[in-house]
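> Please take these sequences and the hints and turn them into a complete structure.
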Amino acid sequence: MKPSAAPSRSLFWFLAGALFLLAAPSASAHILPGEPASFAAGFKHPWSGWDHIIAMVGVGIWGAQIGRPAIWMLPVTFPLVMAFGGFLGLIHVPVPGGEHNIEYGIAISGLLLGLMVLGDVHPNRLAALLFKNDDPATAARKGKTLGYALAITMVGFFGLCHGYAHGNELPDNESGLYYSIGFVIATGTLHACGITLGLIHRWPAGQIALRLVGAAIACGGLFFLYQDMQPETPEAHAAAAAPTALHSSVGASLATTHPAITSTIASAQSRPMASTTAISLQQSAIRNPDSAPRLSLII
Amino acid sequence: MPRRFLHLLLALLLSLGLPSRADAHLVVTGLGPVYDGAGHWCSSPEDIIPVLALAILAGLRGPVAGRCTLFLLPPAWLIGGLFGLSLPAVPELSRPVLSAIVAVTFLVPGILALSDLPIPAAAVAAVAVLLGLVHGVLDAFGLRAEGLTTTVGVLQFLGMAVATFLFIALIAARVISLRWPWTRIAARVLGSWIAAAGIFLLGWSLNGNG
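One line per chain: the protein sequences are A and B, in this order. Take the first sequence: its letters are residues 1 to 299, numbered as in this note's numbering. Take the second sequence: its letters are residues 1 to 210, numbered as in this note's numbering.
No wet-lab data here; the hints were simulated from the structure. Please note that a few of the clues may not be correct.
Stated by the list, open to error - Here are some chain A residues pointing at chain B (derived, C-beta under 7 Å):
1) 86
2) 87
3) 91
4) 94
Said to hold, decoys possible - A few chain B residues facing chain A, derived, Cβ under 7 Å:
5) 99
6) 101
7) 189
8) 203
To be verified - Each pair of labels, with its calculated beta carbon distance range:
9) B:150 x A:94: 55 to 61 Å
10) B:150 x A:69: 47 to 53 Å
11) A:69 x B:16: 36 to 42 Å
Quick caveat: nothing in here was measured; it's all calculated off a predicted structure. Backbone N, C-alpha and C fix where the C-beta goes; we use that ideal spot for every residue, glycine too.
Here it is in structure tokens:
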């Protein structure tokens with residue numbers, strides 16, 4: 001077997017395995033109360049918002065663009081620091097300046113990561129410019145150290161923001177173990193999707209395609225940043241919070257049978273950026289009334 | 001060839017005639033406490049995942065660390081279980097406290113596997129022994145809470161020890177045999193996921209959940 005054929009074969013099996021996993025339905029073996037739902041809820045949570053998805057995929061793509069060792073250092077840093085951010089959110093550590101800064105951080109993460117992918121930015125090469133007075137080998141070495149440190153710091157900071165937001169939003173009465181496992185697997189899967197997509201960087205057309213993806217990610221980040229910066233007018237808040245007649249009937253039945261969900265919706269509506277989440281929650285209830293016990297997991 | 005075929009056919013016919021009645025789908029009889037213990041272990045993520053992280057760590061550190069883990073973890077698990085079964089009373093541990101303990105057993109081997117620090121085999125062995133003792137004791141508390149007798153519990157722990165031995169052997173050997181650099185990195189990434197799950201679980205337990 002030629003050494004050059006092995007990575008392509010491994011890539012093939014990796015992609016095949018990923019496709020099988022995506023196609024697999026859920027299996028609820030060894031069912032203790034709440035455990036399959038907790039795993040499913042944890043797995044679904046990172047997919048709960050496009051602001052989270054674009055950032056996590058962006059990290060994977062950027063790592064693949066930079067190449068080794070960033071291709072694995074960035075997707076390792078993000079979930080680890082994100083878990084720490086979730087830890088801080090779970091124990092309700094106060095955020096300097098208020099929790100709205102977390103939303104800004106999340107939006108900026110999408111914007112900056114998109115720009116990094118769009119520009120095919122290699123932080124080690126940029127950092128080496130700072131040492132241009134040194135000999136080329138020393139400049140490259142110092143640039144590599146500084147550049148990767150900056151990239152990891154940036155990705156880590158964004159991971160902290162995302163993690164804090166997730167930790168703050170987590171539902172009670174779930175199995176923490178299964179939720180954590182599902183959550184981390186989903187986060188890693190998103191990164192793996194980004195890395196897999198980023199592997200097309202080896203072809204010129206792939207490089208252009210990735211830049212376009214980066215532009216889309218940056219636009220998404222800009223959109224979320226714009227949304228965050230909109231002032232909360234009383235009319236907008238009332239419009240977001242006011243249910244329609246159909247929503248009212250669903251809400252009334254939910255309040256009777258699942259008071260925890262009603263309180264979750266109310267707390268979500270009280271936060272500026274969560275109004276869209278509350279509306280999507282109500283819409284989900286209308287679409288799937290039988291899945292009401294799991295609605296609190298969507299936020 | 002035809003003679004060999006005839007012999008095979010004869011052997012098959014005889015073997016079909018020999019077996020007695022088989023009671024599959026053993027809803028009533030069960031497989032026995034040893035297999036119950038192994039099955040319980042295999043279906044408990046709180047037991048499997050720390051051992052997975054430990055096996056990855058042992059594999060990354062090399063064959064000596066792998067052997068130490070392989071031959072120390074199952075006895076430690078068994079000893080921890082026997083200790084837990086022999087206690088006069090099960091201490092009252094709340095769910096958040098149990099979750100915090102499990103979270104630490106995720107974190108320590110996960111971070112060590114992620115970092116791939118050049119720690120000696122003795123350190124890996126120490127982690128294996130501690131992990132085995134802790135999880136053995138916790139599993140014993142769980143079995144006692146289900147009302148199982150000591151004899152049944154001991155047999156279950158034998159099953160758990162066997163399952164642990166097989167799991168470590170397979171995973172650690174696989175990690176040791178990894179040749180391509182990116183595959184070692186993939187193993188470390190898996191360790192980081194386990195550590196991340198541990199951090200999350202720790203926060204969850206400190207929040208009063210579990």
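> Determine for every hint whether it applies to the structure shown.
For each hint, the structure was consulted:
| no. | hint | result |
| --- | --- | --- |
| 1 | 86 | holds, 5 Å |
| 2 | 87 | holds, 3 Å |
| 3 | 91 | holds, 5 Å |
| 4 | 94 | violated, 15 Å |
| 5 | 99 | holds, 5 Å |
| 6 | 101 | violated, 12 Å |
| 7 | 189 | holds, 6 Å |
| 8 | 203 | holds, 3 Å |
| 9 | B:150 x A:94: 55 to 61 Å | violated, 50 Å |
| 10 | B:150 x A:69: 47 to 53 Å | holds, 52 Å |
| 11 | A:69 x B:16: 36 to 42 Å | violated, 59 Å |
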